[in-house]
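Let the sequences and hints guide you as you build the complete structure.
Per UniProt numbering: the sequence shown = residues 1 to 182.
Think of the hints as simulated: they come from the structure by calculation, not from any bench.
A hint or two may mislead.
[What the hints assert, rightly or not] Simulated restraints on C-beta separations:
{"hint": "1", "residue 1": "L70", "residue 2": "D175", "range": "26 to 32 Å"}
{"hint": "2", "residue 1": "W153", "residue 2": "H42", "range": "14 to 20 Å"}
{"hint": "3", "residue 1": "G172", "residue 2": "H135", "range": "46 to 52 Å"}
Just so it is clear, CB atoms sit at the ideal spot from N, CA and C, and this is done for glycine as well.
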Amino acid sequence: MDKSLSLFERYSLGARIFHWGMAAIIVPLWLLGFYVGRIMPHAATPQKTLLLLIHKEIGPFIIVLTVLRLVWRATHRSPAMFSDIPEEERLAVQVGHFALYAMMLVVPLTGWVRSSVHGLPIPMMWVVDLPPLAHKAPVFVPLVNVLHQFSSWILGVLIAGHGIAALLHRYGRRDTVMNRML
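Shown next, in the form of structure tokens:
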């Protein structure tokens, strides 16, 4: 075992599986939503319909994974932060993690509400259709569209910031903070 790895406590295998598994789902799903919403032509096409269907099938599953991850986190101790991390950075880590978890719930929930007010089905993982969270209400469509897009942008910024912070620890400070999740 690498000597530097023995100097700190790693996150549990379950925590690491949740972390990297959810990253492997959320980042491509975010990019897919961005591609469909911002890069593809606005006109409906079979390709756009298929990509949106994939986005909608996987999106609600993020809620399930996030709840399971929160249960895991509540029932399994996380490793302590290094003692030499300044208090303001500790606070930034706590606020950042809270915001990430919140947005991992808010983004798919706003997508669920978005489909509901459009009067569209809410499929999940090609297995089940979820009940609508709101009645069909075309008057609320623009508002819910903005809420979903805005919360998605916040999530994207948080994910980018999280990744940048990890890389700064690894290559800037050259400490072992990132190794705890590897």
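Right, here's what the structure says about each hint:
{"no.": "1", "hint": "L70 - D175: 26 to 32 Å", "verdict": "holds (27 Å)"}
{"no.": "2", "hint": "W153 - H42: 14 to 20 Å", "verdict": "holds (19 Å)"}
{"no.": "3", "hint": "G172 - H135: 46 to 52 Å", "verdict": "holds (51 Å)"}
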